[in-house]
Amino acid sequence: MTSPKAKGASKERSIANLLWERGCAVLRGCSSGGGVRKRFVPDVVAICRGRVLVMELKYRAKRSAIRIEAEKVEGLLDFASRAGGKAYVLAKFGRGPWKVFEVKEPGGFSINGDMYDAAPELDHLLASIFNKQLI
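All the letters of the sequence shown, read from the start, carry residue numbers 1 to 135 under our numbering.
Hints listed in this document are in silico derivations from the structure and should not be mistaken for laboratory results. We treat Cβ as the ideally placed atom computed from N, Cα and C, and that holds for glycine. The reader is advised that the hints may include incorrect statements.
Distance windows between CB atoms, simulated [as the list claims (entries may be wrong)]: (1) HIS124 to ILE47: 15 to 23 Å; (2) SER64 to SER14: 15 to 23 Å; (3) GLY108 to ARG39: 18 to 26 Å; (4) ASN112 to GLY23: 27 to 35 Å; (5) ASP117 to ALA83: 25 to 33 Å; (6) GLY84 to ARG60: 26 to 34 Å; (7) CYS30 to GLU69: 30 to 38 Å; (8) SER110 to ASN131: 26 to 34 Å; (9) CYS30 to ASP117: 32 to 40 Å; (10) GLU102 to ARG60: 31 to 39 Å.
From just these sequences and the hints, can you work out the full model?
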């Protein structure tokens with residue numbers, strides 16, 4: 001059985017690879033979210049055509065609420081501000097698509113099923129950056 005940390009790392013690698021294939025420069029945070037650093041390290045940072053995307057990824061095998069602590073949200077926003085970019089949470093339930101949530105305000109952050117259904121897919125964000133429809 002795969003550990004939750006291994007599953008999370010696998011999802012982070014797959015997103016990093018996808019973004020790289022789409023033409024972005026990508027870094028995956030070492031020990032991202034591991035609590036071993038004094039400074040916040042996001043899961044993935046991508047630079048796409050001059051736009052900096054600072055991302056925290058959340059995956060649930062089953063459809064259940066996703067909650068992100070205020071401290072982590074504030075770290076994400078601070079990192080994005082320092083990088084001159086935008087902060088995002090990418091969420092995925094099971095085999096569904098990755099959905100994008102822009103984070104603008106400090107404090108706790110939660111995503112329920114209705115919010116997930118209404119959110120744009122990752123490909124939509126990338127299409128807006130590259131100004132073309134992605135296959």
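*Return the numbers of the hints above that this structure violates; sort them in rising order.*
7, 10
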